[in-house]
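Asker: Taken in sequence, the protein lines are chains A and B.
Each residue of the first sequence is one higher than the one before, starting from 1 at the first, in my numbering.
Each residue of the second sequence is one higher than the one before, starting from 347 at the first, in my numbering.
Possibly wrong hints are sitting among the right ones.
Claimed, not checked - Below, computed lysine-lysine pairings styled on PhoX-like, alpha-carbon distance capped at 20 Å:
| id | chain 1 | residue 1 | chain 2 | residue 2 |
| --- | --- | --- | --- | --- |
| 1 | A | K345 | A | K226 |
| 2 | B | K688 | B | K632 |
| 3 | B | K443 | A | K187 |
| 4 | B | K454 | A | K187 |
| 5 | B | K349 | B | K550 |
| 6 | A | K29 | A | K39 |
As the list claims (entries may be wrong) - Distance windows between CB atoms, simulated:
| id | chain 1 | residue 1 | chain 2 | residue 2 | range |
| --- | --- | --- | --- | --- | --- |
| 7 | B | P350 | A | K50 | 38 to 46 Å |
| 8 | A | S234 | B | G558 | 25 to 33 Å |
| 9 | A | K222 | B | R436 | 53 to 61 Å |
| 10 | A | E321 | B | K556 | 47 to 55 Å |
| 11 | A | T115 | B | P582 | 14 to 22 Å |
| 12 | B | V432 | A | E31 | 27 to 35 Å |
| 13 | A | A323 | B | K410 | 46 to 54 Å |
Simulated from the structure, these hints should not be mistaken for laboratory data.
Quick caveat, the model's predicted, so the values are computed rather than measured.
Yeah, the Cβ is synthetic: ideal placement off N, Cα and C, and Gly gets one too.
Residues per chain are reported as follows:
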Amino acid sequence: MNVAGIGVVFSGGRGISSYDDALKHGWTKPEDSGYHVKKESIIDKRFLDKIRRADRFSKMAVLASADAVADSAINLNKKKSSLGIIVSTAFGPHVTTFRFLDDILEYGDRNASPTTFSHSVHNAAASYISSVLESRGPTITLTQFAFSFHQALILARAWLYEERCEYVLVGSVDECGTVMEYICSQKLRIAEDGRIKPFNFLETPVAVPGDGSVFFLMTREKSHKKYCEITAVSLNDKSVEKNKQDMCILDADGMTGDEREYQKAAESGVCISGYSPIFGSMMTGSGFGCAAGALMLKNQMRYACPVQDNPHNINICAKTEPAQIQRISCIRYNGREEKAVIKLKN
Amino acid sequence: MKKPNVVITGMGAISAAGANLTETLDTFQRGQANKKPVFEHRMSTLILALCAVDEALDDAELKKDIEDFRVGVCLGTTVASQLNDVDFYRSYRSTGKASMDSVDRFLKGNLAQAVANTIKAKGPCVTVVNACSSGADAIGVALSWLMNGECDIAIAGGADELNRIPICGFGALGIVSESLCAPFDRDRKGLNLGEGAGILVLEKETCARKRGRKSVLYLAGYGASADAYHLTAPRPDGTGLEAALNRALAEAHIMAQDICFVNAHGTATRDNDKVEGIALERVFGKDIKVLSTKGFTGHTLAGAGGLEAVFTGAALLEGWIPASVGFEHQDEEIPITPVTEKTHIQGSFAVSTSLAFGGNNAAIVIGKKRWN
Chain A
1 MNVAGIGVVF
11 SGGRGISSYD
21 DALKHGWTKP
31 EDSGYHVKKE
41 SIIDKRFLDK
51 IRRADRFSKM
61 AVLASADAVA
71 DSAINLNKKK
81 SSLGIIVSTA
91 FGPHVTTFRF
101 LDDILEYGDR
111 NASPTTFSHS
121 VHNAAASYIS
131 SVLESRGPTI
141 TLTQFAFSFH
151 QALILARAWL
161 YEERCEYVLV
171 GSVDECGTVM
181 EYICSQKLRI
191 AEDGRIKPFN
201 FLETPVAVPG
211 DGSVFFLMTR
221 EKSHKKYCEI
231 TAVSLNDKSV
241 EKNKQDMCIL
251 DADGMTGDER
261 EYQKAAESGV
271 CISGYSPIFG
281 SMMTGSGFGC
291 AAGALMLKNQ
301 MRYACPVQDN
311 PHNINICAKT
321 EPAQIQRISC
331 IRYNGREEKA
341 VIKLKN
Chain B
347 MKKPNVVITG
357 MGAISAAGAN
367 LTETLDTFQR
377 GQANKKPVFE
387 HRMSTLILAL
397 CAVDEALDDA
407 ELKKDIEDFR
417 VGVCLGTTVA
427 SQLNDVDFYR
437 SYRSTGKASM
447 DSVDRFLKGN
457 LAQAVANTIK
467 AKGPCVTVVN
477 ACSSGADAIG
487 VALSWLMNGE
497 CDIAIAGGAD
507 ELNRIPICGF
517 GALGIVSESL
527 CAPFDRDRKG
537 LNLGEGAGIL
547 VLEKETCARK
557 RGRKSVLYLA
567 GYGASADAYH
577 LTAPRPDGTG
587 LEAALNRALA
597 EAHIMAQDIC
607 FVNAHGTATR
617 DNDKVEGIAL
627 ERVFGKDIKV
637 LSTKGFTGHT
647 LAGAGGLEAV
657 FTGAALLEGW
667 IPASVGFEHQ
677 DEEIPITPVT
687 EKTHIQGSFA
697 VSTSLAFGGN
707 NAAIVIGKKR
717 WN
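The shape of chain A in the complex, shown without the other chains (with noise of 0.2 Å):
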């Protein structure tokens, strides 16, 4: 299947250009606890009308998505019933989830509010996009923590072949709020420096957690193809691995705990690189990896690791500069030694 466009929504900004000015530039401190998304990245008045009422989360999702479609310049207003949507998330609308129980916890059981219930529930994102695009196809919305992305990719790939869709919306938004933080403090090891580094391959690594939502538009046109093939995704198949790679993006990122599997990909000789140092840990990262991926192969460029802390001297990607490249890998462990992998092709 083919990329036909991208949107983002992260710490750095909203817009794949965006994106690519924050991979160019390479790493900047986080302002804050951690790589949140500023409140003037999720403000659109043109959307204004329809997710006024939408959560943070729903709004990432939903601006990620639109700019998906914009960014493809594919029109798709005569097709509302051929493009299909599917969410990821690990945690789901949680910050709203709270909410709904700060309102049992302070008014009891009868006065919770029901507009805050309705937009807990994970697919309250799926449905505002739906909205937002006037999508009438089939919307799902799936989680499976670290593989929530790929487990996305590998349902928009069926959709695709099995003519379900014409096009496929997939893409993946992950909130970090104060009770996650919480969490994070208590589960991971956060870097107190604010650098993830993607390369220690450690038993217990450091974490900096982020959130964001990151979208593609897929087709199986050719002619639609503005970035890149994905030409597999795999879940613990080990014969994926047999091409040879010209890069292999890792997105260790100290979210899943014990990195040390990643040392195995990297050990191979490819170029390796890891971008999670623009965006934060989160553990649907793996689709802004998958972002880097797409545009280096678009703008024919290898950009620079943004942390590069390289304690086993591997050879990962120091500098940003034009280069040939025609397959990229990136790669996520689960910190159960189960792996997955997104193929990318030019």
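Chain A is already provided as a structure; the job is to place chain B on it using the hints.
Answerer: Positioned in the frame of chain A, the structure of chain B alone reads:
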């Protein structure tokens, strides 16, 4: 592309109507509605799911051999996907600290993953969180996996426990009835919440043949659509559900008149039943045999799509559908009439529908055949 036939080789169900499919059919046979408006087993979502999975795997004779196949697990849930432990949050709110026990349970409790780990399934695994159509959509995802070669066998359906959060939430929405629910009835006052799980074992026909399994039932089609209308209310003209139904029928390569009954979502809310009735009449005509099983089970949220797929398959096998309990008075705004007694059915195809928050509509077509 040549699509493989997908057969149903196992079914499992647990709800207020029965702890397994045999008990459930006995309840249906007697037309025995539940005695109170909230149906609950006080079991966790995972336990409910595992009960139904265990029954379905037994039915499929798959327990011993499961590691020999690429078995996917796709399950829908709503409650189990949310980090919503009240005690954890109360502690955090009041002291800024909380035990991580409930967080650990949550992180280990992704429904599909937990089931896959328990039964040692090695194929794709995902939890669908599409609110009340999650179970039906999970079956649709599993169908896509099988048709695209992602696995040979898929365990699919939905499960949900009933806890304080949905009780408060649906109560806040003002759509819960204090009395027994009455789907499609003129005087319906809202839904009854329930809990349960319904599971199908889906299998490529070639795989089932290799295992020596002969199945009469098969999953003929799945269709889904978005209303693109409102977060909680269905699109009033019913065109969302109509589109899902037409897609499911097209995928099954059959016409509307081939359907012998519809197991409707029929929650007994004012909006759902009206919109669903309009859509069903438009697609199937006013004389289609329709029932809602919510009067037996309550609305089991993500469990509903799985349970009702099981009930639909079982009815095709049995040759009858139960009375749509709770229905007494025709609503002039609803152009279909649910069956009021146990009714004989004759035909090879039936539909189960699911509608959800967010404007999701899903329809599943189940077929019955003779083994070639």
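Asker: Taking 20 Å as the top limit, are the C-alpha atoms of B:K349 and B:K550 close enough?
Answerer: holds (10 Å)
Asker: Could you tell me whether the CB distance from A:K222 to B:R436 stays inside 53 to 61 Å?
Answerer: Since A:K222 and B:R436 have Cβ atoms about 55 Å apart, the given range 53 to 61 Å holds.
Asker: Can you tell me whether the CB distance of A:T115 to B:P582 sits inside 14 to 22 Å?
Answerer: Distance hint for A:T115, B:P582 holds at roughly 20 Å.
Asker: Mind checking the hinted window 27 to 35 Å against the Cβ distance between B:V432 and A:E31?
Answerer: 33 Å Cβ-Cβ, so the 27 to 35 Å window holds.
Asker: Go ahead and decide if the range 25 to 33 Å is satisfied by the Cβ distance of A:S234 to B:G558.
Answerer: Taking Cβ atoms as reference, A:S234 and B:G558 lie about 31 Å apart, which means the hint holds.
Asker: Against the 20 Å threshold, does the CA-CA distance of A:K345 and A:K226 hold or violate the hint?
Answerer: At roughly 12 Å apart (the allowed maximum being 20 Å), A:K226 and A:K345 satisfy the hint.
Asker: Please work out if B:K688 and B:K632 have their alpha carbons no farther apart than 20 Å.
Answerer: Status holds; Cα separation ~19 Å.
Asker: Has the given pair, B:K454 with A:K187, been kept, meaning a C-alpha gap of at most 20 Å?
Answerer: Judged against 20 Å, a Cα distance of about 14 Å means the pair holds.
Asker: Can you tell me whether the CB distance of A:A323 to B:K410 sits inside 46 to 54 Å?
Answerer: holds (53 Å)
Asker: Would you say the C-beta atoms of A:E321 and B:K556 sit inside 47 to 55 Å of each other?
Answerer: With Cβ atoms ~53 Å apart, the hint holds.
Asker: Per the hint of 38 to 46 Å, is the separation of the Cβ atoms of B:P350 and A:K50 within bounds?
Answerer: Given range 38 to 46 Å: holds, Cβ gap about 40 Å.
Asker: Between B:K443 and A:K187, is the straight-line Cα distance small enough, at 20 Å or below?
Answerer: Within the cut-off at roughly 13 Å; holds.
Violated hints for the displayed structure: none, as all numbered hints are satisfied.
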